[in-house]
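**Student:** What follows is each chain in one-letter form.
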Amino acid sequence: MFRPGTMLRAVAILALASAIAASTAIAQGFKRPAPTAADWAALAKLPDFTGVWEISMGPRPATGIINPAIGVPSMRPPQISLTPDYAAKRQALLASAEQDNQSANCLPPGMPGIMSQPYPMEFLLTPGQVTIVIEAYSMVRHIYADGRPLPDDPDPNFFGTSIGHWEGDTLVVESVGFSTQTEIEPHVPHSDKMRILEKFRLVDPNTMSIETTVTDPEALTAPYVTSRFLKRHRSWTIAEYICEQNNRNFVDKSGKAGINLTPPSDTSPAPKQ
Amino acid sequence: MRSSIKRAAFGAVVLAGLVATAASIAMAHHGFAVFDTTSQKTIVGTVKEFQWTNPHTWVWLDVPNDKGGIDTWGFEGMSPNFLGRRGWSRNTLKPGDKITVTYFALKDGSKGGAFLSFKRPNGEELSMWKGSPTEDN
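Here the protein sequences come in this chain order: A and B. Going by my numbering, the first sequence opens with residue 1, and the numbers climb by one from there. Going by my numbering, the second sequence opens with residue 1001, and the numbers climb by one from there.
In case anyone wonders, no lab produced these hints; they're calculated from the structure. A few of these clues could be false.
A short, non-exhaustive set of chain B residues, derived as facing chain A with CB atoms under 7 Å [unchecked claim]:
1. A1033
2. E1049
3. Q1051
4. T1053
5. P1055
6. N1081
In this text, a Cβ means the ideal position worked out from N, Cα and C, and glycines have one as well.
Based on the provided sequences and hints, a complete structural model is requested.
**Tutor:** Here's what the structure looks like:
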């Protein structure tokens, strides 16, 4: 004999269980089918992004490439049009005593800053995915190019969630779901509504162009567009970068920057008699 | 002598350019707030240890002081990742090497700074801020 209370409890447990199953399904998301031989063969028809690339540095950083579609890249970031709220937030950051940002404490920059580090990155193409191995801070970006949609309510994180597709020879990547711990540029904050659109393509056999468009309905009054060029280095490999290995820089809670000068062995020779 | 001054001046120009470039690309790890970047200094000493580590290399230099003793100075350099692609290795500096270090001093007067370049007694010089790596694509 079932008492009504037991019945209700059973229904409630069932409802809870199916709710958990549903939320798990959302979290797990898209299930990519196993790649076929045709999927692997199709990769050969894509532009060759393989290898290690680095933003051109030194006296001729822009490499003199003129591309009418994107123009000559400026080494100076373009003007950022902020909403009054975010302009005030930026002013507050600039006016603070902060001498450095948290990367001095080895907190890695997220998007979009991680894509403009003075260190190389490697592009890996596999069926349905582009993986970017970033040397700075030993980071990895996963770009899902298998037809899955962007998540509706992503967990905010440093790199966001990225999906990509190919438009001809251009890899178009959309990313959403960013932690507000990251910045658009140093001391330029954004909201959790920030979206980033990136277009990757080869402008010559060993030069990649990346055009990045940041939009944010709460922080920006106009899209913030930057472009940069990367050179391929066929003889390079990605090295490790463990920031905590020997980090002697720091920024304290008040924003003051400092440096730890304790010698590694801490056995300075005794003064001569 | 004159040519080395010229080279040093050229180095300062290249460095200023790189700092400007770095500022607009992205600050990789930290800013220069603790260093006095308005002038370069030099100091002579003996390498005690060369740390080939991230996020920075460190050159520890034993320098005689005016009390007849020895102080160990610390100089922060570019990362092994950056230097390894520009002619440096973990064996570039060895304990016992006598060198003259050119550096940006720490603003608070501590015994250390930002390593810019060094010179050996035989005149060999090496900068941490050489320009672009060789093209190899």
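**Student:** Next, verify each hint and record whether it holds.
**Tutor:** Consistency of the hints with the structure:
| no. | hint | result |
| --- | --- | --- |
| 1 | A1033 | 4 Å, holds |
| 2 | E1049 | 6 Å, holds |
| 3 | Q1051 | 6 Å, holds |
| 4 | T1053 | 4 Å, holds |
| 5 | P1055 | 5 Å, holds |
| 6 | N1081 | 5 Å, holds |
Taken one by one, the earlier hints all hold for this structure without exception.
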